[in-house]
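Engineer: Line by line, the protein sequences are chains E and D. Using my numbering, read the first sequence as starting at 1047 and increasing by one per residue. Using my numbering, read the second sequence as starting at 60 and increasing by one per residue.
The reader is advised that the hints may include incorrect statements.
What the hints assert, rightly or not - Computed cross-link-like contacts, BS3-like style, restricted to lysine-lysine with a CA-CA straight-line distance of at most 30 Å: (1) E:Lys1180 / E:Lys1136; (2) D:Lys70 / E:Lys1410; (3) D:Lys70 / E:Lys1336.
Don't read these hints as lab results, they were simulated from the structure. It should be emphasised that the depicted structure is a prediction, and the values quoted were computed from it without experimental measurement.
Each chain is listed here by its residues.
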Amino acid sequence: MKLRSKIFISILLVSLTTLTISSYYLINRNHIDNIMREKDRSLNEFTFLVNTLDNGINAQSKKEELRPLFLRYLEYYKTRDIILMIYDDKEPYAVNFSEVDLKYYEHLFTVQEGTRQLQVIEIENKHYFFVSGKLTKSSNFNIIYARDISTLYKLKSQSIYLSLLIATTSTLLLGFLSYLYSKWITRPIEMLNQNAKEISEGNYSVRNIPSKDEFRTLGNAFNQMAEAIETHTAQLEEKAKDLQEFIDNLSHEMNTPLTSIQGYSEFLIKANASLDQKQRAAQNIHVEAKRMKDIYTKLIQLTLTRVHEPDLSTVMITDLFHELEERFIFQLDIQDIFLEKVIEIDQMTLDYTLILMLLSNLIKNSIQALPNGGTIVIKSYQHNENPVLEVSDNGYGIPKDKIDAIMIPFYRVDKSRSRKTGGAGLGLSICKSIANLHHADIVIQSDEGQGTKIQIIFYKTVTTS
Amino acid sequence: MAHILIVEDEKTISDLILMNLEMVGHTVVQAFDSMEALSATNDHHFDLCLLDIMLPGLDGFQLIDSFNKLSIPVIFLTAKDSLTDRVKGLNQGAEDYITKPFETLELLARIEVVMRRFGKPNATFVYKEVEFSPTERTVRKGGQIINLTAQEYALLEVLIQNRNLALSRDKLLEVAWGYDYIGETRTVDMHIQRLRKKLDWEDVIKTVYKYGYRLEVS
């Protein structure tokens, strides 16, 4: 059952029951009060009558002489619609209404002297309040007094009828109002329901806030949830897009060496080639296989740096820079590049192997940017409390609009991915991963034609001497 | 044979295509970027261009207009294998679209198709007194016409088009007999033997051990 119907029915049920019970109680109470009042009145009148009659009777009076007296009273009460019957024992002696059947009140004759018998008797749809008693001075006479109280019963039934009418009308009115009310009170639920439906259909941006009550809190919580879902979905989509791009790039990167290897091996198998041609084909297969291995190694490194916990230790910067120089000395010599080392901080806490890998990648990039000689500076220093490692060169530089993109795996500034200027485009991605592991930021400043400066700023591992 | 321009920035792949094309008798010029490609068209007249899409400078999609203006048919040869790129390439007027990695024989066959479409069938092929004339569909030895069945002719044509390259028996069945031909590789052997006998080419059509046959031309 809907909440709205529940509210509607319970309001209706409660109000109907209260109304019925209370009006029934009131009507009944009123009716009893009225009857008691009639009782008092009748009793008073009866006593008064008996006393008057008693006063008019002498002890010596004969029965027959009493009749005119009785009849006078009977006449008087008749004008007031009150039945008065005087019985000599059980024989009617004087009555003012003759049509009342004896059987209804016969039992009232048993009344004792000095007492009164009271009873409400229904005769032919009319209610009478009967009082019986005996005259004190002539105890043979039974006096029966009956007052018509039908109006009271009529009043009661009229009241019941009226109250039923009122109950029915008010129930209808209440029903209508409670329908509107329940609709109004469940409106926020409807609204939230609608929102939930919209969200389930993928529309995360519908944000209706319900009225200012408890539902507002719920609505706010609901909106927070929707917002969180929206953000997470967006993040997931972004990640999926990045991953797809990564895979696309990877497949392209693998495709070129694979094409070569497949093509040259096919050539070796099928072609009626000269020894020189065969030599060249084998040479190219070898180069391309090495290239694939290079990409593979880089990918493994990238994966490792993404899941690896850094093995932190205190590293002497002189050692680190020295090993870097050793690594590249041959290449630096050939291209006539001067490597300058500036050490302002002696020690840092970092993962030696990973940072070596990072700096090697940066130096490799710098060497590629300096085909005709130049200077590469590697530097350790303090900046705003944070230790910084820096690699700078005075080579080609990176175009302004490309700087943001160069950290993306496989991205190369040269759109054609020509191999003349460099590897797979994974170097800086690896650097970024390594920096992330050290809670470090990589900041790139570059001017085309002027050179590139790359800073690795360490935020957490602050150890200096 | 055709004079072909290869526009491809990967040197190894460019060399691979060059070696294969020269092997079957085409002449080739290599260009490694868009500038080289454009300047090559000034110096040579090309029958066909094999064009990579991702190039330094102008890319293949931008370059193809220049080739269209010079009426040089273009075959895209690229790693971009998405349907949108394919449609884009063909819409821009390319004759064909081949994705890497590709098979040499397929590349040669598609080049053949494009050349034929442009009315440049193979020139008459002459070797060791045998004269193969595609325009007349005749084969002569020492001036005398040699009677060949249609099947023998088709087989000879495939061998000549892919000369110096080994063709497997299955490949020969597929190309010379047709894709739907269900036969045994023995059929190929029998036809080869007949060809050798009719042309007296015992030492020209070489058997490649456990693989197939190769027409060897020095």
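Engineer: If a hint holds in the structure, say so; if it does not, say that too.
Structural biologist: These are the hints, each one checked on the structure:
no.	hint	verdict
1	E:Lys1180 / E:Lys1136	holds, 12 Å
2	D:Lys70 / E:Lys1410	holds, 22 Å
3	D:Lys70 / E:Lys1336	holds, 15 Å
In the structure shown, no violation is registered for any of the earlier numbered hints.
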